[in-house]
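Peer 1: The lines below spell out each chain.
There are 2 protein chains.
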Amino acid sequence: MYLETVNSPKDIKKLKIQELEKLAGEMRTALMHRLSNKGGHFGPNFGIVEATIALHYVFDSPKDKIVFDVSHQTYCHKMLTGRKNGYLYKEHFENISGYSNPEESEHDFFNIGHTSTSVSLAGGLAKARDLKGEKENIIAVIGDGSLSGGEALEGIDFAAELDSNFIIIVNDNDMSIAENHGGLYRNLKALRESNGLAECNLFKAMGLDYVYVKEGNNIEKLIEAFKQVKDIDHPFVVHINTRKGKGYELAEANREEFHWHMPFDVETGRATVNFDGENYEDLTCDFLMKKMKADPKVVAIVAAVPGVIGFTKEKRKEAGKQFVDVGIAEEHAVAFASGIAKNGGKPVFATHSSFMQRTYDQISQDLCVNNNPATLLVNTASVYGMNDITHLGIYDIPMMSNIPNLVYLAPTNCEEYFAMLNWSIEQTKYPVAVRIPCNGVIHTEKKVDTDYSNLNKYQIKEKGSQIAIIALGDFFQLGEQLAKEIKSKMSVTPTLINPRYITGLDEELLESLKAEHQMVITLEDGILDGGFGEKIARFYGPTHMKVLNYGLKKEFLDRYNVEDVLQKNRLTPGHILDDVERYRI
Amino acid sequence: MYLETVNSPKDIKKLKIQELEKLAGEMRTALMHRLSNKGGHFGPNFGIVEATIALHYVFDSPKDKIVFDVSHQTYCHKMLTGRKNGYLYKEHFENISGYSNPEESEHDFFNIGHTSTSVSLAGGLAKARDLKGEKENIIAVIGDGSLSGGEALEGIDFAAELDSNFIIIVNDNDMSIAENHGGLYRNLKALRESNGLAECNLFKAMGLDYVYVKEGNNIEKLIEAFKQVKDIDHPFVVHINTRKGKGYELAEANREEFHWHMPFDVETGRATVNFDGENYEDLTCDFLMKKMKADPKVVAIVAAVPGVIGFTKEKRKEAGKQFVDVGIAEEHAVAFASGIAKNGGKPVFATHSSFMQRTYDQISQDLCVNNNPATLLVNTASVYGMNDITHLGIYDIPMMSNIPNLVYLAPTNCEEYFAMLNWSIEQTKYPVAVRIPCNGVIHTEKKVDTDYSNLNKYQIKEKGSQIAIIALGDFFQLGEQLAKEIKSKMSVTPTLINPRYITGLDEELLESLKAEHQMVITLEDGILDGGFGEKIARFYGPTHMKVLNYGLKKEFLDRYNVEDVLQKNRLTPGHILDDVERYRI
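Going down the list, the protein sequences come from chains A and B.
Just so we're aligned: the first sequence equals residues 951 to 1535 in the working numbering.
Just so we're aligned: the second sequence equals residues 951 to 1535 in the working numbering.
Be careful, since some hints might not be right.
[What the hints assert, rightly or not] No farther apart than 20 Å at their CA atoms in a straight line, the calculated lysine to any residue pairs in the SDA-like style are these: (1) A/Lys-1247 to B/Lys-1240; (2) B/Lys-1139 to A/Asp-1113; (3) A/Lys-1082 to B/Asp-1245; (4) B/Lys-1397 to B/Asn-1372; (5) B/Lys-1267 to A/Pro-1523; (6) A/Lys-1437 to A/Pro-1523; (7) B/Lys-1139 to A/Asp-1159; (8) B/Lys-1240 to B/Lys-1171; (9) B/Lys-1247 to B/Glu-1376; (10) B/Lys-1082 to A/Ala-1244; (11) B/Lys-963 to B/Lys-1171.
[To be verified] Chain B residues, not near chain A, derived (Cβ > 12 Å throughout): (12) Asn-1045; (13) Glu-1174; (14) Ile-1347; (15) Glu-1484.
It is worth saying that the hints were derived from the structure and are not from the lab.
For glycine and all other residues, C-beta sits at the position ideal for the given N, C-alpha and C.
Next up, chain A with everything else stripped away, as it sits in the complex (with noise of 0.2 Å):
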């Protein structure tokens, strides 16, 4: 087995084009004994195999410099890099993350989770070789579906005026995470129509050489195109035509599934963990289905992501022209939604929270200075989201809440959620923003409210004394945890509040807590700095009033255990309690 004695790429370099492609096949069993067991990105590295053997085997990481973008597709380049052990052996799979980081090599240079930042970034790289004088190969690798992103067009189109060595490979498969959207997509493919040779060609209208390749996964080849750019002089962009999820067939025929894909059996392509459940990914996209039925002016955009809020193939077809995927372009998405509000029409733009923030400004400038009634969706807005350092769903509060006009909602239960949702899509005064709740499906058989335009009115889910808690959100059942636990350990009933908005105070709400409480406790699935606590600890600053906020701490975290983080944040009934009886003294 070649894999096997592969150290560094240098193991590489002694091989022969056959063994070369013999390492291929190892490299796929490996692939496919890693994410058959645990799951991961599949397409993308299936499809890339024998271009980062051949980069590997061309350039001299890490003196070179490869970046990939999104990084998603490093898997095989992580096996070549001294990493194999992540692949071949169950017992290693948790020693390694699914993406590009500089604390596993020195073959990796950033941590990148995020689209379309590669360009850039090795264009940072490039730049700073120039200016110690330096002569090394700087290499962007970014797939079709990334170049729709602001910052990757911003990135090649800034390239051209580096005038020394930078290669970037577009690694085309004809796919994004569903299928591309785009004007650009169709020079694509004219491009590969061609054999490259179209006149009218995307990368040279943006100021840069370009080769193309047509089997991108042909070793030789690769290997041939890559010796005749590298240490060239000047930004040069090598197109290759691969194919996504190649050498397993049902991956190749179903793209878009086999783009991710939790354990499966390989046999069959089934996923071996069932996920049976009430989803709030399903129930959106029924509830969206209802109301673009009902009214032709509703319209839910996504960027890439239609899964988010459900939108498979089946029902992204029988949306039809109420169903826009913009593609990898949130800053777009943001946009074009408030000029459709403007418009009349009813917009829903939904993606992770993670990808929210690609689109500060765009909330900021196009939407709320403009006030127009678009209706965001934040998905995977939680502790419970995702847990890499670069898809964390704990910033959106802080990023979102603080930006005016904004209404930003926290719904504590599924019924309260659509009732949120579905004024927010009627209502035509205000931007909306929904934080889709990610502590499982919760449902209640109280009457949940239908009108929300009275802004910031918080609900007394309990009345009680000395101790009020603010449990926002996700957060609610802790809230009602930490009420019982205190009656029952206290003696005391605590007033139990529903915020509900997490863009403003009930200020006569809180005014009034004044009277028979001593201690307001808050409680927030995301962190403090900035979050909606701080305000509450504001507002009763200058007063007697003690209050306690919870959350979690500012920081990135990575790879967490949720239940690990909560304890360390002291978010327990039992934490909290504790603090509680210090400070009531």
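Start from chain A and add chain B according to the hints.
Peer 2: Okay, now just chain B, sitting in the frame of chain A:
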């Protein structure tokens, strides 16, 4: 005079070409009247006179909807849509803003001030039109300078997916605020030089239909071109070549200087208002030039606003490869800076507070997740900064200071600012942002610290008791005044603290204040929500310490008077003293 008779676009539709040309002359006279007396965007408006006339001649605004990018070129549009008096008569100058504004007119659809948004916003208008089954024309007008922005490129790429009427006017005057940067400008040049016939065409490469108008200041030619695309059934780019500053020789010759100009003498072109004293733009430039000469690894980066750090044409030339203008591309700028820092360079990226908003995700992911030692300089970050609703500098504290790993510093005078900047450039551990003071160049004769690596150590400037004032950055001088006032009116010597670090608490110092203080007052030059003071309130929440936070209300202000805003927010020693007396009980 024709202009006097124009109350709506209808009034120009009856005019003959020659009359329209006379109108154009009158409009330039009116522009000159306002601009020489009041200042404003000169070049963009003088260049677009004819195109604006032709647009309103051919299309039927407001049914047909025109969205202007940045909207600093809407002066002519305003003249033709009922707002001519704002240009003809001094007493009406204040009636209109410098940007498009729906509150002024039904012909304006958005408040716009940031670049690169028009295509996406207009795309949304078009989408809503289609959902409603209506038929009007939707037109986005975007300058060549704005094309390098990620949001614009995302929008143009996606425009091809709108299979209905959508017209993009590319107003190409071969100039951004300063010269353009990026490879796409070579393509625009090739298109201009080939009369639009070059096979390689950025717009076609993004899937759009295209036509070129060589004489972009010829009303007749423009009318002809616009008539051809009116009611077109698919997205279409009309690329017009205009002359920035056309009609005023000095502006045509000095396009950067006359992009925006303060009041000036028409004869000589010289400013009639003098800002002679020291300013941070020039001081920062001098400082960076010195650093660059001492170390080839230092590199200053701007995104199309070299003026924010005083880099005039001459200084840019002098700095050579150590100065980079990435064009309008803030996302790229931050990722690029992170890459430079990673590879051993010493990058300093500077822009306005309002434009930093463009790059939240890049600060978070590309820079802070990777903890690379790049420096961000945040300019006009203050209530004393720009006062248009789209350019406010009062939101960067909540936006940036809650991102983990970032060290955000608030200097309180000139010497401290340069000491912090110098430390930031030379250290290699943290991503650092520095808020450039904005309340005048204030000097100190006292020694300032040169090393800020002991993070979050606040500085006690005067030790007192009972009341502590924590006065951040630009509001430190207000803190000094307040301390004086408290001393003289209350016979109490308060403790005065310069916190220096926006991003963290000096818990040891805060803890120590408990012994001899009953009240802490925080002052910050920005909105309170999500800001610095709330963190202090949270710290003292469980204790008996009273906390009073002072800063600005979370809202969008527009063309405000600083003194009024300070009064309204109780940001004067008198107001605060009243509160102190009230809450001490």
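Peer 1: Compare the structure with each hint and give your call.
Peer 2: The hints, checked one at a time:
no. : hint                     : verdict
1   : A/Lys-1247 to B/Lys-1240 : 59 Å, violated
2   : B/Lys-1139 to A/Asp-1113 : 19 Å, holds
3   : A/Lys-1082 to B/Asp-1245 : 10 Å, holds
4   : B/Lys-1397 to B/Asn-1372 : 15 Å, holds
5   : B/Lys-1267 to A/Pro-1523 : 63 Å, violated
6   : A/Lys-1437 to A/Pro-1523 : 12 Å, holds
7   : B/Lys-1139 to A/Asp-1159 : 17 Å, holds
8   : B/Lys-1240 to B/Lys-1171 : 51 Å, violated
9   : B/Lys-1247 to B/Glu-1376 : 10 Å, holds
10  : B/Lys-1082 to A/Ala-1244 : 13 Å, holds
11  : B/Lys-963 to B/Lys-1171  : 16 Å, holds
12  : Asn-1045                 : 20 Å, holds
13  : Glu-1174                 : 26 Å, holds
14  : Ile-1347                 : 9 Å, violated
15  : Glu-1484                 : 4 Å, violated
The structure shown violates the earlier hints numbered 1, 5, 8, 14, 15.
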